[in-house]
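Keeping their order, the protein sequence lines are chains A and B.
With my numbering, the residue at position 111 of the first sequence is 112, and numbering never jumps.
With my numbering, the residue at position 50 of the second sequence is 470, and numbering never jumps.
Quick caveat, the hints were computed from the structure, so don't treat them as lab data.
The reader is advised that the hints may include incorrect statements.
Which residues of chain B face chain A? A partial, calculated answer using Cβ under 7 Å [to be verified]:
hint, residue
1, V435
2, L437
3, L716
Computed list of lysine to aspartate or glutamate pairs in DMTMM-like fashion (alpha-carbon distance at most 25 Å, straight line) [claimed, not checked]:
hint, chain 1, residue 1, chain 2, residue 2
4, B, K429, B, D738
5, A, K93, A, D125
6, B, K429, A, E133
7, B, K429, A, E58
8, B, K429, A, E126
9, A, K93, A, D238
10, B, K547, A, D281
A few chain B residues that don't get close to chain A, going by computed Cβ distances all over 10 Å [what the hints assert, rightly or not]:
hint, residue
11, E470
12, V704
13, I724
Where a beta carbon is used, it is the ideal one built from N, C-alpha and C, also for glycine.
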Amino acid sequence: MAAVESVTRSQSARRPGADAWEIYRQSPTAMLGLVLVLLISVLAIIGPLVYPVDPFEIIWAPMSAPGTTEHALLGTDYLGRDILAGLLVGAKATLIVGLTAAALTVIIGLVIGALAGFYLGMIDEILMRVTEFFQVLPPLLFAMVLVTMLSPSLWVVAVSIGVVSWPPTARLARAEFLRIRNLEYVTASRASGVRQGYIIWRVILPNALPPLIVSATLTIGTAILFEAGLSFLGLSDPNVMSWGLMIGSGREYMLDAWWIVTLPGVMIFFAVLGVSLVGDGLNDAFNPKLRRR
Amino acid sequence: MGLIWLIGKRLLYAVALITAVLVLNFSLLHLAPGDPADVIAGEMGGATAELLAEIRALYGLDKPFLVQLGLYLQRAYQGDLGMSFYYNLPVVDLILQRLPATMLLVFTALSFATVGGTVLGVLAARKPGGFTSSMVTLLSLVGYAAPIFWTGLMLIILFGVVIPIFPISGLYNVAKMATGLSRAVDIAHHLVLPSFTLGVVYLALYSRLTRASMLEVMQADYVRTARAKGARERTVYLRHALRNAILPVVTMAGLQFGSLISGAVLVETVFNWPGLGTLVFESVIARDYPTVLGVLFFSATLVIAANLVTDLVYRMIDPRIRLQD
């Protein structure tokens with residue numbers, strides 16, 4: 002008797018996130034993603050403290066291969082700057098711009114999608130036309146135009162990436178709001194006379210969150226790739242070291258010194274891979290029925 | 421009748437979208453740092469205040485914003501997107517020179533991605549959890565996470581240094597001065613690495629998409645019916661299942677045309693491919709705003725056209741759509 006009671010109690014007392022974590026934990030790829038993300042974050046945060054070398058300073062002979070000198074563990078670039086220092090310091094710019102841009106993407110997309118899906122009618126019509134308009138502009142090209150016309154600072158890069166990438170998030174948010182807005186608990190809160198703002202953000206949004214969190218995670222990966230692409234083209238701040246900048250500036254020398262472009266690319270690859278594995282893992286955890294598709 | 425009406429409606433909407441892009445372009449030009457009159461005067465080697473005023477009047481730069489916008493739209497619809505400061509040529513001419521190379525690259529990559537992705541996806545769906553299936557999952561992860569410009573650079577190191585079998589730069593071999601068929605072969609040879617780089621990202625995505633939708637479709641009642649009536653397995657796969665499973669791929673390919681063009685900008689820069697991507701890159705560096713915005717406008721128009729075509733292709737594959745609208 003007592004045993005049965007305790008089992009039921011322990012089950013009902015579980016927080017909603019606990020089941021999702023249980024599923025997430027069992028997926029080796031999802032855990033690999035989490036490990037990658039944590040590892041790269043740690044590198045970005047404490048790497049430059051443990052290894053305080055200026056990535057712009059010339060420290061050794063140019064184009065020394067990795068492992069050939071103890072002065073630069075991963076070799077030097079075409080000017081003789083330390084590649085390892087570049088990788089560690091560059092992590093910060095890439096990740097900060099990626100995260101900021103992803104946050105902006107989610108906020109713009111969420112607000113537009115939520116308003117369109119909740120109010121419908123004219124508001125929906127207008128917002129969806131705006132969304133379609135933004136989807137017609139090739140994202141990287143549009144971001145290049147914005148960055149060129151404004152100034153090449155990290156903020157401008159982050160905002161530009163956000164401005165060009167929100168439409169898919171808006172469509173997803175709208176679809177979720179459309180689905181949820183007519184469910185019974187929403188009707189009930191309408192009947193109880195609470196404000197519309199409360200219904201949108203406190204009643205519907207929490208229930209629309211799981212797919213939005215998955216898409217936000219994947220958005221971080223895309224934003225990192227965008228940032229890398231813009232810095233590769235030399236359109237980001239030239240005074241801030243980033244992985245894309247290392248690849249872009251070392252490109253002309255890559256046939257003689259493969260490591261200059263290869264190593265930063267490997268970092269971008271693992272960062273994006275980690276984030277997208279986490280996204281896939283969250284997707285499976287939130288939708289156990291759809292697993293293995 | 422219905423179809424013509426529908427196409428007309430879509431075309432009208434496309435024109436509205438194109439106009440919106442032009443308005444955006446004009447606003448950006450207006451916001452751009454530097455007065456166009458100053459730029460023109462700079463080209464002429466300096467000018468007095470009177471001459472500046474004259475230039476302003478000549479180009480209508482002294483008129484109110486809305487009047488200037490009207491003039492801009494009128495000129496744009498007559499095929500005039502202004503002059504490039506940097507190349508000293510009409511922007512439209514510049515773009516038309518570079519457009520064929522980009523179209524060649526984008527369509528080769530797209531064909532490679534859709535055909536290859538569908539074949540891989542169908543093969544993977546035959547045995548979920550099998551070798552092909554795992555490869556498709558792996559490929560889609562790698563294809564998404566590797567930055568496209570980096571993939572291109574790695575291929576250049578591999579096929580330019582380690583195994584030099586493909587040319588790594590440009591559209592054709594200038595030294596060869598080949599003509600006719602040998603020129604076509606030369607261009608095709610140069611096309612291999614850039615189109616593979618651009619296409620493999622989408623190939624990865626489409627193979628995963630095809631596999632997922634094949635697995636779903638194979639559970640459908642009409643597939644069971646087809647099997648029950650004794651259709652051969654190959655017929656069931658290709659005629660009954662694939663025709664339905666391919667719909668998401670068509671939608672995706674149409675929706676992603678803009679991102680394909682974005683990818684082409686990076687791939688062209690990496691391989692010195694003389695298309696719109698290198699044009700936009702060069703003019704961004706030179707702050708040649710009319711050219712930059714001209715390319716943005718042309719690419720947006722391409723995306724709008726691609727969306728129209730996707731819509732029509734979708735209707736051809738899926739007759740059920742025709743009944744609606």
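Here's how the hints hold up against the structure:
Checking V435 (chain B) against chain A by beta carbon gives a least distance of about 13 Å; that is not within 7 Å, so the hint is violated. For L437 (chain B), the interface hint holds, since its Cβ comes within 7 Å of a Cβ in chain A; the closest pair sits about 6 Å apart. Hint status for L716 (chain B): holds, given a least beta-carbon distance of 6 Å to chain A, under 7 Å. Note on K429 (chain B) and D738 (chain B): the hinted pairing holds, with a Cα-Cα distance of about 20 Å set against a maximum of 25 Å.
This hinted pair does not check out: K93 (chain A) and D125 (chain A) have alpha carbons roughly 39 Å apart, beyond 25 Å. A threshold of 25 Å between alpha carbons decides the hint, and for K429 (chain B) with E133 (chain A) the separation of about 16 Å falls inside it, so the pair holds. Between the alpha carbons of K429 (chain B) and E58 (chain A) the distance comes to roughly 61 Å, so the proposed pair goes past 25 Å and is violated. The suggested pairing of K429 (chain B) with E126 (chain A) holds, with an alpha-carbon distance near 17 Å, which does not exceed 25 Å.
With a C-alpha separation of about 13 Å, the suggested pair K93 (chain A) and D238 (chain A) falls inside the 25 Å cut-off, and the hint holds. For a cut-off of 25 Å, the pair hint linking K547 (chain B) to D281 (chain A) stands: about 21 Å separates their Cα positions. For E470 (chain B), the shortest C-beta to C-beta distance to chain A comes to about 30 Å, beyond the 10 Å cut-off, and the non-interface label holds. Not every CB of chain A is more than 10 Å from the CB of V704 (chain B) (nearest about 5 Å), against its label as outside the interface.
Here I724 (chain B) does not stay apart from chain A, with its beta-carbon only about 6 Å from theirs, under the 10 Å limit.
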